[in-house]
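Residues per chain, in single letters:
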Amino acid sequence: METKRQIVAFGGGGFSMESGNPLLDDFVVATTGLKKPRVCFLPTASGDADHYLVRFYNAFRERGEASHISLFRRERGAASIRDHLLSQDLIYVGGGSVISMLGVWRAHGLDLILREAWERGIVLCGLSAGSLCWFEECVTTYQKETSVTIGLGFLPWSNQVHFELGSPAHRAFEQKLGEGLRPGYTATDGAAFHFIDTELAQVVASRPEARAYRIELKGDRPKTTQLATRYLGSPDHVPLVEDSPIPWSSTPIQA
Amino acid sequence: MKGRILVMGGHEFDRLDGNEAICDHIIELTGGRKPEVCLLPTASGDPSDQISRFRRSFGSRGCEVSDVSLFRLGANPIDVSAHLMRQDVIYVGGGSLVNLVAVWKPHGIAGLITDCLEQGVMVVGQSAGAMCWFEAGITSSSGRPEPALGLGMLEGSLCVHYHRDPGRREKYLSEVGRNIAPGYGADDQTGLLFEDGEMVEAFSAREGAGVWRVSAEGGRAVEKPVEVVDIRPGPGSASPGSPVDDFRALNKWRKSAGTRG
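Sequences listed follow chains L and V, in order. Heads up: the first sequence begins at 10 in the numbering used here, then just goes up one per residue. Heads up: the second sequence begins at 810 in the numbering used here, then just goes up one per residue.
Any given hint might turn out to be false.
[Stated by the list, open to error] Dumping the calculated SDA-like pairs for lysine to any residue here, alpha-carbon to alpha-carbon at most 20 Å:
1) V:Lys914 / L:Thr158
2) L:Lys153 / V:Asp888
3) V:Lys980 / L:Ala88
4) V:Lys914 / L:Asp120
5) L:Lys153 / V:His916
6) V:Lys914 / L:Arg115
7) L:Lys153 / V:Ala884
8) L:Lys13 / L:Pro165
9) L:Lys153 / V:Leu882
10) L:Lys153 / V:Arg881
11) V:Lys1033 / V:Ala990
[Unchecked claim] Chain L side only, calculated, beta carbon under 7 Å to chain V, not exhaustive:
12) Asp57
13) Arg83
14) Glu84
15) Ser106
16) Ala116
[To be verified] Which chain V residues face chain L? A few, computed with CB under 10 Å, are given here:
17) Thr851
18) Ala852
19) Ser857
20) His916
The hints are simulated quantities; they were obtained by calculation from the structure and are not laboratory data. For glycine and all other residues, C-beta sits at the position ideal for the given N, C-alpha and C.
All chains should be built: construct the whole structure from the sequences, respecting the hints.
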């Protein structure tokens, strides 16, 4: 059987943001195909915050064999990060600062280990920084300034999280496309992209109103396309939108 | 490297006598009554308990305290450059040397701090926050004591928690002259003050705690004790006329007399 490389990237959501709504976390567990998968949490983007670890264990203790890796307290953790990560079924990456997280990961060689894990079929998932990191280019906004950070590049697209249609961050994303940013995917809180290999297989959502989009340049104009989204809350849910361009006009790019 | 950097072998924000004396000493070094002191807790991931202990420790001394948490900038956006430049003291906390260097790099913090040092902001650091200024240090960032690269703003190397972590000192002595440049070994509650890249003062705030100059002679590391000023509060030792002042006066004189290399 051929190994499937899988990434589930949340615009926002899961136990970190949707207390009481288990849908996205149930979904990532289901993608492993196992009843009780081994799940390792990477809270690096939060600086390995204790309260975040507690919330992870509360959410995943019952769902599988839960563990975590703290790169700030290696003297107390697993002797070999690589062995530990490669023995997992699911690696779950928390939110926080994507720039700080990528810096720490590279210093400890996690960029290479995570690629190996992905290629072996271990499901990778996460929200916020834990979504951005898998892409080639991470589009973030800080103090009204939008910048592009180079991610791990497993997915050859750009990504923006906590998306809001028509927001300044959306316009800035479009602006970046005009400056050479690669086409990308963006999702609101509650929506998640499920990639198989490097192609988008489906979009799932933990809330009926959650949305996901593909943003690209058509000619010299940015185009935002709403993607069909499957709401995980009802088993017979039929996607409402069939990848149709949304009736929403973008401003032309200012050079 | 222009400016003043105070590095410490170990310092906690607690009520331990030596640690209290060090806080007082730092404030004294700024010459200001109510200095602005900003904590950079990057090396341990910006934990809130370290931040609140820092705030209590320096806040209770009348300092204006703040912190820059690079892991939480999204939730608390500030102009990092302007904020750091305003400070009298930037205090860099301990934790993982490897992570500190790795996180600071994409945020450009070393460059910002270089500018601050040139403008007269004093930089203080303990443990990882002390070793980071040197070319190299001995860190447990990866579990066991190993050499790791610092920012190289000060020449040579530093090994912290010198006698508290026997493995660290052992590793340092085996690496100096082979894989890392000579430097200093510093116990907890000791410190070394560098001015424009030169060591001008070493102090100890705990009985028996010392500083060693570690050099390589014939391929072997050799330790020589460094003379330290005792900054423990003693009967009637309050400034002026404290050993620290004498030491500084002596150094000033040496400097002006041009006898220092």
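Status of the Ala852 of chain V interface restraint (C-beta, 10 Å, chain L): holds (8 Å)
Would the hint linking Lys153 of chain L and Ala884 of chain V be met if the CA-CA limit is 20 Å? holds (13 Å)
How about Asp57 of chain L: closest beta carbon in chain V under 7 Å, or not? This hint holds: Asp57 of chain L lies near chain V, its Cβ roughly 5 Å from the closest one there, short of 7 Å.
When you check the alpha-carbon spacing of Lys13 of chain L and Pro165 of chain L, does it fall within 20 Å? Holds - the C-alpha atoms of Pro165 of chain L and Lys13 of chain L are around 17 Å apart, at most 20 Å.
Does His916 of chain V pass the interface hint, meaning its C-beta sits closer than 10 Å to a C-beta of chain L? holds (7 Å)
Would you check whether Thr851 of chain V satisfies its interface hint, that is, whether its CB is within less than 10 Å of any CB in chain L? holds (8 Å)
Holds or violated: Lys914 of chain V to Asp120 of chain L, with C-alpha atoms at most 20 Å apart: holds (17 Å)
Is Lys914 of chain V close enough to Arg115 of chain L, meaning Cα to Cα at most 20 Å? Within the cut-off at roughly 12 Å; holds.
For the hint on Glu84 of chain L, does the least C-beta distance to chain V fall short of 7 Å? holds (5 Å)
Satisfaction of hint between Ala88 of chain L and Lys980 of chain V, Cα-Cα up to 20 Å: holds (19 Å)
Interface hint check: Ala116 of chain L, Cβ to nearest Cβ on chain V, cutoff 7 Å. Holds or violated? At about 4 Å, which falls below the 7 Å cut-off, the nearest Cβ of chain V leaves the hint on Ala116 of chain L intact, so it holds.
Interface hint outcome for Arg83 of chain L [beta carbon to chain V under 7 Å]: Status holds, d = 5 Å.
Consistency with the previously given hints is maintained throughout, with no hint failing.
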